[in-house]
Structures are given as C-alpha cells and as structure tokens.
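Enquirer: Each chain, letter by letter, is given below.
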Amino acid sequence: MNMVLKLVRAELRLVLREPLVLAFVFAFPIVTVLVIAGSFGVDDMDSFANIDPSQWYVASYLAVVIGAVGLVTVPVHLAAYRERGVLRRFAAAGFPRWSFAVAQMAVGVILTLAASAVLLVVAGLVYGLPRVDSPVATVGAVVLGSVAFTSLGLLLGAIVPNARAAQGIGLLVFFPSFLLGGGGPPPAAMSATMRHIARFLPLTHVTDSIRNPWLGLGHGTTDLAIVAAVLVLCLLACRRAVRL
Amino acid sequence: MAVTPVVEVRELCKRYGERLVVDHVDLDVEEGEIVGLLGSNGAGKTTTVECVSGLRRPDAGSIRVLGLDPQVDSARLRPLVGSQLQDSALPDRMRLAEAIELFRGPRAMPVEGLLVAFGLADQRRCAFSALSGGQRQRLFLVLALLNRPELVILDELTQGLDPAARRDVWDAIRSLRDAGTTVLLVTHYMEEAEALCDRVVVMDGGRVLDSGPPSQLVDRHAPWATVRFDAGRSSARPEDLGALPGVSQVRRVGETFEVQGDRGMIAHVCAHLVGCGVPDDLAVVMPDLEEAVIAMLAHPAERALEPTGGPR
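Going down the list, the protein sequences come from chains A and B.
Each residue of the first sequence is one higher than the last, beginning at 1 in my numbering.
Each residue of the second sequence is one higher than the last, beginning at 1001 in my numbering.
The set of hints was computed from the structure by calculation and includes no laboratory data.
From a predicted model like this one, the values you see are computed outputs, not experimental measurements.
Beta carbons are placed, not taken as given, at the ideal position from N, Cα and C, and that holds for glycine.
One or more hints might be untrue.
[Stated by the list, open to error] Away from chain B, derived, C-beta distances all over 12 Å, residues of chain A:
#1 LEU16
#2 MET45
#3 ALA114
#4 LEU129
#5 VAL132
#6 ALA188
#7 THR221
#8 ALA229
#9 LEU236
[Unchecked claim] Residues from chain B that face chain A, not an exhaustive set, calculated with beta carbons under 8 Å:
#10 LEU1055
#11 PRO1079
#12 GLU1098
#13 ILE1100
Bound conformation, chain A alone (with noise of 0.2 Å):
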C-alpha cells in the first residue's frame, strides 16, 4: 500500500504539471458554465423542468469535469505511458501492475473532486449554488461517475496504441458526450434523435445521477444503476486488456 500512496503523490504533482490537464479539466468546464448558464433568462425555464437554467447548468457541469478526466486527461495520460515505456520502469522496480491502476483510478477521483471544488466556487459566486435535495445521493453519484469513467479512460488508454490516438479518441467521443450528455441544451431543446443518442452516452447518465437528486427532480437509481454497470465493465476489460 506504501508503494501506492508514493504513486498517488507522484502522479498528482505530474498530472497538475499537465498542461492539458490544466485547460481540459480545471479551465474549460469553469468558462463554458460561466458562458452558458448565463446565455438563457428565467424565461426559458420550460426547456429546464422548471429550475432556473443557470442552477441546472451548475448542477450538470460536474458531470463534465468528470467526463474530461475520463475520456481525455487519464487516456492520454496512461497511453503516453505505455508507448514509453514508463509502465515497464514502473513495473521493473517492483511496483505491481495493479498499483499503477490503483493510482490512477485515486488521482483521478482527486483530479475530479479538486477541480469540482473550484467549478463550483468560481459558478458559486458567479450564479448562486442551487440548494441540494439529497447530499448522499448527489455525493456518491459523483464518485461512483468519477470511478467509473476513470475506469473507462484507463481502458481506452490500454487498448489504443499510442498517446495521439488516445487525444483523437478522447476528443471524439468527449464533446458529443459534453453537448448531448449535459453541458449543451437541455433534454427538452433537443430533437427526438439527439435525445435518443444521448440515453446511449454514458456522460449522460452520470449527468442525470448527479442532478437529479441535487435539483429534487428524482432519485436517478436507474442511471446511477447504468453508471455501476459501466464501471463493472470497464473494470472486467481492463484486467485483460492492461499491456506494459
């Protein structure tokens, strides 16, 4: 276990020396909340199930943060990794495969919930807090969301073959999941289409866990459910697909 925790720490100072961390999941989910929670009036809270837009949008932008983590910083992070060679030194020196997973899977939580911390200060002082329904509910989707596609960018960064692969998977399949899956319009401005590719998007999922029982619009069991089904897979993939 000593030797996981000197990884954490290891890990957390390299990834906050990213540059591509930085902007991916501390800077852009802060500027696109500001942008859009403030780009629709009272006026529109139709489209919002009734809940003043700016408080909707703060309530869905975790979601993002964890998405960023998810899909591009961690793939990335491990791809770059694999191609050269550090999972090799790390593995030579006596660190069990499994510890570098471990650590990961831990800095990506921290990653999350740190810069969950600023989002929610910066969107705080901007637009308000919206008042939380139900903390444990809302609490634990956030960290089960955060495990799971953690888990989800551990895999995809074991099975594409190198670290710029990983950037263009990762992009690709971030910002369909940011706009569809809850960082873009609302579930009620979309076409029926959209909305159905956007019950097939895990990030939606983890979206509607977490907001729905912050904003009292339901338990959201059933995707908190899918969000569970999606880290058990990926954790089962990840053990035969994790190469040095």
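Given chain A, put chain B in place with the hints provided.
Expert: Frame of chain A, contents of chain B only:
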C-alpha cells in the same frame, strides 16, 4: 556442496504470436559474475532478460532467480533485482529527486554518494525531459543500484553514450562486481562485452550459439591470426610463405604482405623471416570477440572453425 546460480534458466521458450523469439534457451549466471548476452537485433536477448526480470511470462521452461520464480515470487524478488530496461523511460515532467524518492525502497543506500559518483548531484531538480541522453542512462543506473540489489540486469545501458561516459559506466559496473553484485548485461557492443564480461552468451534467432569467457570464444570461433609486414623490408617471397605449415592465404595489399592462417602459423612465418630478413614493422594481428561473433553468426551451426579457416 554445489552453489546455486543466481540466475538459472532452463529450456526457456517465448512466442510473440506465431514467432518463436526465444527457443529453448539455457542460461546460468553465477554469484559475482558479469555475464553478457550478445547477438544481433531480434536475437531474443531482451525478451530473455524480460522473462528473467518477471516482466514477461515464459511459454515454456523454468527460471529461477536467487532461488525464486520471477512469476510466482515477484514481490519477494523485485527488491533484490535492479533493472535498467531497453525502451523505457520516466515521466517527462518528473524531476530527478522525485524519481529517486519514488523508486527508493527500505534497502536503499545513501543517495548522495550515488549521485556524486554518477555526476548527477547538480541535476536533482531537473525534469527527466531536460536531461541529456547520457544523464538519463546514468540516472537509470542510479535507480537500478539504489536499493542494493543482489542482481543487476542492464539492457543496452551504454547506448547513446559518448566514449568517456561509456567508460565511466564500465568503471561503475566493475565496482559493482567487486562489491559482490551479480550483473547480467545485454549489449551489442563487442568492445563492452570484451572489457566487462567474465562470460559471454551469444544468441541468434532465439537460440544460444555458444557461451564462455570472451578469450575462449575467440579461440573457438576465430582461431586464426594475421602476420603483416612491409614487402620491401624483407626478401620473403609469397610462394614460400604460402607453403609454410598453417598458412591459408598470402595477400599483398599495396606494399604490405598479409599472411593468414592458424595460430601455429605465426611461429613458422617468424622463423622463415629470420632467414629472409626480419622486417622492422612486423605485426601480428589477433582476432577479437567481434570477429568471433561475426564468424558464429555467419556459421551458426558450427561450434568451431577449422584451424585453416581465415577471417571473413
């Protein structure tokens, strides 16, 4: 009582898909030895040491390292083995001091002395990406030695180093051996193997062609010699030289005679030159490990060449 080798490999086989890259390899490394694995690219050297390190699972055969199975006992074995692997790196933004802290185990030796010995004392805050090729290789060596390993595995350690830096690393490896550490070295530098290794194992196509001390391999696979002198400084005639026992070929290269043959030929040619006038530029050129390995790779099925065989 027989001493157990530090590394004992028997009938090791490893496939990548359909390709057999290590083919029934046997390898012993005794305590305190420096053993070199030599061979061309794709010979199976790196895969063999990766199996020994426990990084790859063999398809067949057995491996014991310090009496332990690298696959089953990896947790007990890893602290006892220091590895420097080919094609591996550290994270670009990791600083040298952070790398040492990360890889430092309970058996670690004082870092200060190591950093000074390898000329890295002033680079503690340097990111890995900012280090030169030589500094990176020296850092890898520091990391491999950090935890006082009983066996050190070094794969192409001096690749990319300038001659002075390479010799510094050689001195460090000799110091290791003098301190009782066993070293398994993968290299394609013949000069390095000849300078460092107590024994050399030559591989090709996944198989071991031969092994032994470098001088014995030279005797077995390059058992020839060349006597060379200025043709104008002796009255010796090529046809007389060619008739001497053991001589396989007499060539005139410009103004120089080159007489080639087995080692015994040297005495006959020199005796003949005493009668014809001893040239003052007389030189005897003995083959080195490189010639022996080239001969082995050119004729892998042969374990020794005929005495009259000449240099290729």
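Enquirer: When the structure is checked against the list of hints, which entries are broken? Sort them ascending.
Expert: 1, 13
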